[in-house]
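With these hints in hand, go ahead and build the complete structure from the sequences.
In order, the protein sequences belong to chains A and B. Residues 67 to 386 in the working numbering are what the first sequence lists, from first letter to last. Residues 59 to 320 in the working numbering are what the second sequence lists, from first letter to last.
Just so you know, these hints were derived from the structure itself, not from any lab. Incorrect hints may have been included.
[Said to hold, decoys possible] As a list, the in silico PhoX-like pairs of lysine-lysine whose alpha-carbon atoms are at most 25 Å apart: (1) A:Lys160 with B:Lys310; (2) A:Lys105 with B:Lys314; (3) A:Lys99 with B:Lys313; (4) A:Lys243 with A:Lys157; (5) A:Lys116 with B:Lys152; (6) B:Lys68 with A:Lys197; (7) A:Lys173 with B:Lys314; (8) B:Lys314 with A:Lys149; (9) A:Lys104 with A:Lys74; (10) B:Lys152 with B:Lys188; (11) B:Lys314 with A:Lys81; (12) B:Lys152 with A:Lys198; (13) B:Lys152 with A:Lys115; (14) A:Lys125 with A:Lys301; (15) A:Lys173 with B:Lys73; (16) A:Lys157 with B:Lys152; (17) A:Lys205 with B:Lys68; (18) B:Lys314 with A:Lys157; (19) B:Lys68 with B:Lys140; (20) A:Lys160 with B:Lys152.
Just so you know, these numbers come straight off a predicted model, no measurement behind them.
The primary structure of each chain is shown beneath.
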Amino acid sequence: MENIIEVKNIKRYYKIAKEEKGFWASLKSLVNKKYEIKKAVDDISFEIKKGEITGFIGKNGAGKSTTIKMLSGILYPDSGTVKIDGYIPYKQRKQYVKNIGVVFGQKSQLHWDLPLIESFELMKYIYKIPKKVYEENLKKFVELLDMEDFINQPVRQLSLGQRMRGDIVAALLHSPKLVFLDEPTIGLDVVAKEKIREFIKYMNKNEQTTIIFTTHDMQDIEKVCERLIIIDQGKKVYDGTIAEIKNKYSNIKNIEVMYEDGSKEMKTFDINKIPMNQVMEKLFTEESIKDISICEPEIDGIIRDIYEGKIELNADTKGE
Amino acid sequence: MRTYVEFAIKKFQNKMAYRLEFFMGIVNTIITIVVYLCIYKALYEGKAEVDGISYAMTATSFVISLGLSNAFHFNEMFIQDKIHDGSITNEFLKPVNFVFRLLWENIGEGLFRVVFNFLPAVVFACFYTKLCAPYSMGNFIIMLISVALGYLVLWLLSLIIQVLSFWLFSVWGIMTIKNVIVNILSGVFLPLWFMPDIIKKIIVFTPFESIYFTPIRIYLGEVTGMEMLSKLSLQLMWIGILGGMAGVLWSKGVKKLVVQGG
Chain A
67 MENIIEVKNI KRYYKIAKEE KGFWASLKSL VNKKYEIKKA VDDISFEIKK
117 GEITGFIGKN GAGKSTTIKM LSGILYPDSG TVKIDGYIPY KQRKQYVKNI
167 GVVFGQKSQL HWDLPLIESF ELMKYIYKIP KKVYEENLKK FVELLDMEDF
217 INQPVRQLSL GQRMRGDIVA ALLHSPKLVF LDEPTIGLDV VAKEKIREFI
267 KYMNKNEQTT IIFTTHDMQD IEKVCERLII IDQGKKVYDG TIAEIKNKYS
317 NIKNIEVMYE DGSKEMKTFD INKIPMNQVM EKLFTEESIK DISICEPEID
367 GIIRDIYEGK IELNADTKGE
Chain B
59 MRTYVEFAIK KFQNKMAYRL EFFMGIVNTI ITIVVYLCIY KALYEGKAEV
109 DGISYAMTAT SFVISLGLSN AFHFNEMFIQ DKIHDGSITN EFLKPVNFVF
159 RLLWENIGEG LFRVVFNFLP AVVFACFYTK LCAPYSMGNF IIMLISVALG
209 YLVLWLLSLI IQVLSFWLFS VWGIMTIKNV IVNILSGVFL PLWFMPDIIK
259 KIIVFTPFES IYFTPIRIYL GEVTGMEMLS KLSLQLMWIG ILGGMAGVLW
309 SKGVKKLVVQ GG
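As C-alpha cells, then:
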C-alpha cells in the first residue's frame, strides 16, 4: 500500500513570555520582555500507509495536539514538510480539508439547540455531499451506532456518549479518506467506548478509511490500533506495532502474591536478570505464601513506565 | 451560496428554541418604542414641526432605525471568545469561508429578530401613534436595498473590531465605545436632523450616515430620483472601504494564527 501521510522532520517551537513575580519585575517586563522557547514538536518524522489505523499517544503536553494541528493544516511547521494525499495541508488548506474528517472529543461541532439530525443536514451542504451518498451513509452510521432513539433530540439534551457518537458521525458523513480522532472516548462509559471502538474498526475495515487516533485510554489503543506512535517532549520515542512493544517487555513479569493472612502484594521481576526459578525459590523460602498468580505485563503498565522514564527505549525497540 | 443560506436557516431555527426569550423580545421592543415616542412627544411640546421635521417623521425614523438595530443583534464577542478558547482553528477544518459563514449566521439571527420582535412591535406602534407611509413604492423598494447596505456597513464595522482580537487580549472596551459612537452619530436615538450643524458636516465624511439615516431619508422621500442612486453608491463605497480593511486585517490575523501559532 502506498503512503497517505509523509511527515519529514517537522519542528514547531513556541515563544513563551517569561513572567516574573513581583511588581518591579512586571514593570520591567513592560520594557524588556523575556521569552522562553518551548519545543512543542522537535524533529518528528513518520509515514502512514493508506488504510492504516494508528494510535498516537503521549503525556499531556507531549506535542500530540501540535502535531495533529500541523497534519490537519491549521498550523505551519517551523521547518520540515508534511505531505498528505498529494496535498501540503497548511498551504492548500481549503482544498485539503474537503478530504479529511476531524473529531475533537473535547469540543463539539454540533448545533447545541437543534435536533442532532439538523447538524447532519448542515454537513450535507458544507461538504456538498450528493443526496444518495448522504442518505446511505446516514442510515448506515445511525444503525451501527444505535442512534435511532435520539437523532431527533436537541443536542443539549443528549448524554456525553450520545453527543460524541453524533460528533463522530458528523465528521464522517462525507466519506473522508483520512480521519483524525482526538480523544473520542474521553469521559465515556464502557459501553459507549466499546460502541465507538467497534465503529472505528468498521470504518477502517469496510471503507478503508485511514485513521489517526489520540487517546489516553490504553484499552482504546489495544483494541483498535495496529500501530502505535508514542511522543514525548516533542520527540518520537516509539513507532511500531502493539504486539512488538508487548514482546519487548515480555521479560517483565508481574507476580501477585497472596500471604497466609490474606493480604496481597504485587511484585515485578525482570526474568532476564533473575530467572524465574530463582524468583520462585526466593519467594517460597522467605515468606509464607498461600497463592501466587503470574500476569503478563499490560500495555497500560508498559506505557506508564515509558512515560515515567523507567524503561529506556533503545534504538532497536524504536521499530522501523 | 446554498451552503451559507443554510447557515442562516440553522441559526434562525436555533433562536426559535427559546420561547421565553422570543416573547420577552416582543415585550422589550414594544416598551422601547413607547418610551422613546413619549420622549419625542414631550420634546415636541405639541408643536407640529421642529426644524421643519414633523413628529410623525421623527417617530417613523425611530421605528425604522430600531428595526435595523434589532436586525443587528448578535454576539459581537464571538471571534474573541473563539480565539480565547482556541476553537477558532477548528473553524478552518471545514471547507467554508468563516467570515461569510459568520455573516450569514448573523443575518439568520437578525431576520429572526425582525420577523418575531420588530414586526409585531411595528403593528403595535401603528395603533399607538401615527407613522408616515413610504413616500412611494419605488422609494420603498430602494429603501429595502439601502437597509441591506446599511446593515453591511454596520456589520463590517463590528467585524473590524472583532478581528482586532487576534492582537488584543480583549476588544470589549473598543466594542462598547464603537457602539456608543454608532448609536449617537448614526442617529438611532436622536435623528440626525437635530444634530448641530458642525457635527452634521463631519458626519457626511463618516460611514455613520450610511447606516440608518440614508434608508430613513429614502423612505420618507427626503431623497428621491437620481439622488437615491448617489446615496446608494455612497453606501457601496463605504462597504468597499470597510470590507477592504476587514479583509486585510482578517488575513493578517489568520496568518498570525496559522504561521506563528497564535
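Evaluation of the provided hints:
1. Our distance criterion of 25 Å between C-alpha atoms is met by lysine 160 of chain A and lysine 310 of chain B, whose separation comes to about 17 Å.
2. Our distance criterion of 25 Å between C-alpha atoms is met by lysine 105 of chain A and lysine 314 of chain B, whose separation comes to about 19 Å.
3. Our distance criterion of 25 Å between C-alpha atoms is met by lysine 99 of chain A and lysine 313 of chain B, whose separation comes to about 23 Å.
4. Our distance criterion of 25 Å between C-alpha atoms is met by lysine 243 of chain A and lysine 157 of chain A, whose separation comes to about 19 Å.
5. Of the supplied pair hints, the one linking lysine 116 of chain A and lysine 152 of chain B holds, its CA atoms being roughly 22 Å apart against a limit of 25 Å.
6. Between the alpha carbons of lysine 68 of chain B and lysine 197 of chain A the distance comes to roughly 19 Å, so the proposed pair stays at or under 25 Å and holds.
7. Using a Cα cut-off of 25 Å, the hinted pair lysine 173 of chain A and lysine 314 of chain B holds, with the two alpha carbons roughly 23 Å apart.
8. With a CA separation close to 22 Å, the supplied pair lysine 314 of chain B and lysine 149 of chain A stays within the 25 Å bound.
9. A distance of roughly 20 Å separates the Cα atoms of lysine 104 of chain A and lysine 74 of chain A; the hinted pair therefore holds under the 25 Å criterion.
10. For the suggested pair lysine 152 of chain B and lysine 188 of chain B, the alpha carbons sit about 50 Å apart, so the restraint of at most 25 Å is broken.
11. With a CA separation close to 13 Å, the supplied pair lysine 314 of chain B and lysine 81 of chain A stays within the 25 Å bound.
12. Proposed proximity of lysine 152 of chain B and lysine 198 of chain A is supported: the alpha carbons are some 21 Å apart, at most 25 Å.
13. In summary, the hint linking lysine 152 of chain B to lysine 115 of chain A is supported, as the alpha carbons are separated by about 24 Å, within the 25 Å threshold.
14. At most 25 Å may separate the alpha-carbon atoms for a hinted pair to count; lysine 125 of chain A and lysine 301 of chain A meet this at roughly 12 Å.
15. Restraint check for lysine 173 of chain A and lysine 73 of chain B: the C-alpha separation of about 21 Å stays at or below 25 Å, so the hint holds.
16. About 15 Å separates the Cα atoms of lysine 157 of chain A and lysine 152 of chain B, which keeps this hinted pair within 25 Å; it holds.
17. Straight-line distance between C-alpha atoms of lysine 205 of chain A and lysine 68 of chain B comes to about 22 Å, which keeps the hinted pair within the 25 Å bound.
18. Proximity of lysine 314 of chain B to lysine 157 of chain A is assessed by CA-CA distance (about 14 Å); at most 25 Å being required, the pair is judged to hold.
19. With a CA separation close to 19 Å, the supplied pair lysine 68 of chain B and lysine 140 of chain B stays within the 25 Å bound.
20. Proximity of lysine 160 of chain A to lysine 152 of chain B is assessed by CA-CA distance (about 8 Å); at most 25 Å being required, the pair is judged to hold.
Consistency with the previously given hints fails for number 10 only.
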